[in-house]
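2 protein chains.
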Amino acid sequence: MAMRDLSGDATLLSLNTATLGPARSLRDAVEGCLRHGIGGISPWRDKIADAGLSQAERMIKRAGLTVTGVCRGGMFPAADAQGRAKALAENRRAVDEAAALGAECLVLVVGGLPPGSKDIGDARRQVADGLAITLDYARSVHVRLAIEPLHPMYAADRACINTLAQSLDLCEKLGAGIGVAVDIYHVWWDPDLHAQIARGGADGRLYAYHVCDWLVPTRDVLTDRGMMGDGVVDLKGIRRGMEQAGFNGLCEVEIFSAATWWPKPIDEILNTMVARGKTCV
Amino acid sequence: MAMRDLSGDATLLSLNTATLGPARSLRDAVEGCLRHGIGGISPWRDKIADAGLSQAERMIKRAGLTVTGVCRGGMFPAADAQGRAKALAENRRAVDEAAALGAECLVLVVGGLPPGSKDIGDARRQVADGLAITLDYARSVHVRLAIEPLHPMYAADRACINTLAQSLDLCEKLGAGIGVAVDIYHVWWDPDLHAQIARGGADGRLYAYHVCDWLVPTRDVLTDRGMMGDGVVDLKGIRRGMEQAGFNGLCEVEIFSAATWWPKPIDEILNTMVARGKTCV
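If you're matching them up, the sequences are chains L and R in order.
Residue 1 is where the first sequence starts when you use this note's numbering, and the numbers rise one by one after that.
Residue 1 is where the second sequence starts when you use this note's numbering, and the numbers rise one by one after that.
Simulated from the structure, these hints should not be mistaken for lab results.
Among the hints, erroneous ones may be present.
The list makes no distinction among identical chains, and a pair is therefore deemed to hold if it is satisfied within one copy or across any two copies.
What the hints assert, rightly or not - Dumping the calculated EDC-like pairs for lysine to aspartate or glutamate here, alpha-carbon to alpha-carbon at most 16 Å:
id: 1; residue 1: K236; residue 2: D5
id: 2; residue 1: K173; residue 2: D203
id: 3; residue 1: K118; residue 2: D230
id: 4; residue 1: K118; residue 2: D157
id: 5; residue 1: K278; residue 2: D234
id: 6; residue 1: K236; residue 2: D119
id: 7; residue 1: K118; residue 2: D234
id: 8; residue 1: K173; residue 2: D129
id: 9; residue 1: K278; residue 2: D5
id: 10; residue 1: K264; residue 2: D28
With the rest of the complex left out, here is chain L (with noise of 0.2 Å):
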């Protein structure tokens, strides 16, 4: 099967605004997608809470731009129940801002071990109890959710989900509305990816793919993330296995680069993501 020709133009790409470092505004993003022809945007929630959520809203639609995704709900382990109620109420906020900006899903970092635990099994369990409540509420207003495996080095203090594989067999457990964000920085590395990738798409749970690219060496756990083709993953390979599998929606570029990238103009990075979106991705 051939795979969608990116190199003409950015409409199938997607801004994630941790692109564009903590210091820009969403506006700035929008505005940034209109000017270098970006299709999509995906906020995250401090961007629209600094907006406002009907300013937020007003603007991403007049910019007619594709919403790929709201970053994120999750973080459902706590330590206690007073805890977990505060996490899901959280969680519900999360999906109605997704709900009112038509997002094609909420993305979700499902979180990792409470202060003090050395018990990942109960994490685990947490986020299962916390993926189900939300899931309902999520249907009733029609939002999908969107798990995304965070790369191993995350465990213990992001999100205890790690795989594709574990995520599919948790979404199998919760049925329908649930699915998974892919994102190249998590996963590339699985010897199980391109498998689950299929089975992903078999299942009609393919709801996101996020691109950036992996440095060698990596300097921070956090935010030494590449642009994509300055790393070592073989993005075209992953994306050749996300369309044979059947999605057909955005590649969301989600880069967090303190050191090289952030601190950069905004239409430096841009320009570098479409330049690169044409011939890397």
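Got chain L sorted already, so can you dock chain R onto it with the hints?
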């Protein structure tokens, strides 16, 4: 099944020489084991080379230490045939050293992507080929090879074998004389961990067990491992799984800790290691 009681002494602990940091010699490590009643040692090859192989052998034998492993062979993938041949020759030498020291296994860090490559599948095929050739030689001199699956954050530059399942699949293809080194730092996050430990035990392939801890936050990708008890890993739970699967070897302590432990005096490191071995492992 009851677990072995480690609370009385340090005879079931082994000191990986990396725990003392790059500035200490094999003699430092051997004498430290003797002073602290530590039952085993696992030397890195640079420390063996510094001491001289015959002298290393004599020193360790006289101290009555079990050699739980030699670190390390591997690093098979290369950009060309010459590089691959060089790696194979180096692995023969590593096997010979493991044989000379009567080591329970030669630990293999299999290697990552050759420079310029984005093809992790190819790297994995090169690893399988290199393992097969090295295993032939290792069998001929009665040395067991232990694949150490490394944390996925090292997939690009250190080891493209990243889970126990992947390691045991390889072992099954390769046959007798090859097993795994289970290092909790690399595998603690794996949702399939306990199932794969059980499988490794059933297949008689649990050759080594390495402990340390996973710190939150982790400040450096390479050299910020924790002392047992200082992190989030369920060490007793994993050891229980290992012992239920039939592992009855020593618990090897391997802590890369440039900022916290390496700068400390040897006896402070070893006092702590022994105390934590009794209570946390």
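Tested hints:
no., hint, in the structure
1, K236 - D5, "within (11 Å within a copy, 52 Å between copies)"
2, K173 - D203, "within (12 Å within a copy, 31 Å between copies)"
3, K118 - D230, "between (36 Å within a copy, 11 Å between copies)"
4, K118 - D157, "within (11 Å within a copy, 29 Å between copies)"
5, K278 - D234, "within (15 Å within a copy, 46 Å between copies)"
6, K236 - D119, "between (38 Å within a copy, 11 Å between copies)"
7, K118 - D234, "between (35 Å within a copy, 5 Å between copies)"
8, K173 - D129, "within (11 Å within a copy, 39 Å between copies)"
9, K278 - D5, "within (8 Å within a copy, 60 Å between copies)"
10, K264 - D28, "within (14 Å within a copy, 49 Å between copies)"
Consistency note: the structure conflicts with none of the earlier hints.
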